[in-house]
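Residue 133 is where the sequence shown starts when you use our numbering, and the numbers rise one by one after that.
Please keep in mind that the hints were generated in silico from the structure rather than gathered at the bench.
Honestly, I wouldn't trust all of these hints.
[Stated by the list, open to error] Pairs of lysine-lysine, DSBU-like flavour, derived with a Cα cap of 30 Å:
hint : residue 1 : residue 2
1    : Lys187    : Lys241
2    : Lys156    : Lys191
3    : Lys241    : Lys156
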Amino acid sequence: MNQKNNERIYLMSMEEIYHLYLQKIIRKNRTEEELIQIIEWLTGYNLKIENNALKKTVKTFFDEAPNFNERSNLITGVICGVRIEEIIDPTMKKIRYLDKLVDELAKGKALDKIYR
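When you get a sec, could you build the whole thing from the sequences and use the hints?
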């Protein structure tokens with residue numbers, strides 16, 4: 133992915149991305165509560181209390197995550213044709229971590245397995 137595409141993604145609101153994730157998992161009979169749980173596990177946000185967190189841009193959301201999970205480096209594999217372990221940009225890597233978790237949720241993986 134080139135820098136121009138990264139910038140386009142970074143400027144989107146996290147709320148837009150959240151709704152895309154939500155549509156994806158609901159089609160696969162998963163719940164919004166499960167989506168919230170994996171976002172909170174990964175980022176340290178409490179989305180019920182910090183209801184403005186999703187109003188941030190994607191870049192700000194990830195860069196200001198209050199407690200990004202130290203076990204996130206255990207999230208590996210390919211997302212959007214790119215191996216997560218090979219992503220250099222730290223913000224893009226965090227975004228792809230969440231993409232991977234949402235994919236796993238949509239594929240029916242249990243939350244305790246998603247959490248590594």
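Against the structure, the hints:
With a C-alpha separation of about 28 Å, the suggested pair Lys187 and Lys241 falls inside the 30 Å cut-off, and the hint holds. A threshold of 30 Å between alpha carbons decides the hint, and for Lys156 with Lys191 the separation of about 21 Å falls inside it, so the pair holds. As the CA atoms of Lys241 and Lys156 are separated by approximately 14 Å, the hinted pair is consistent with the 30 Å bound.
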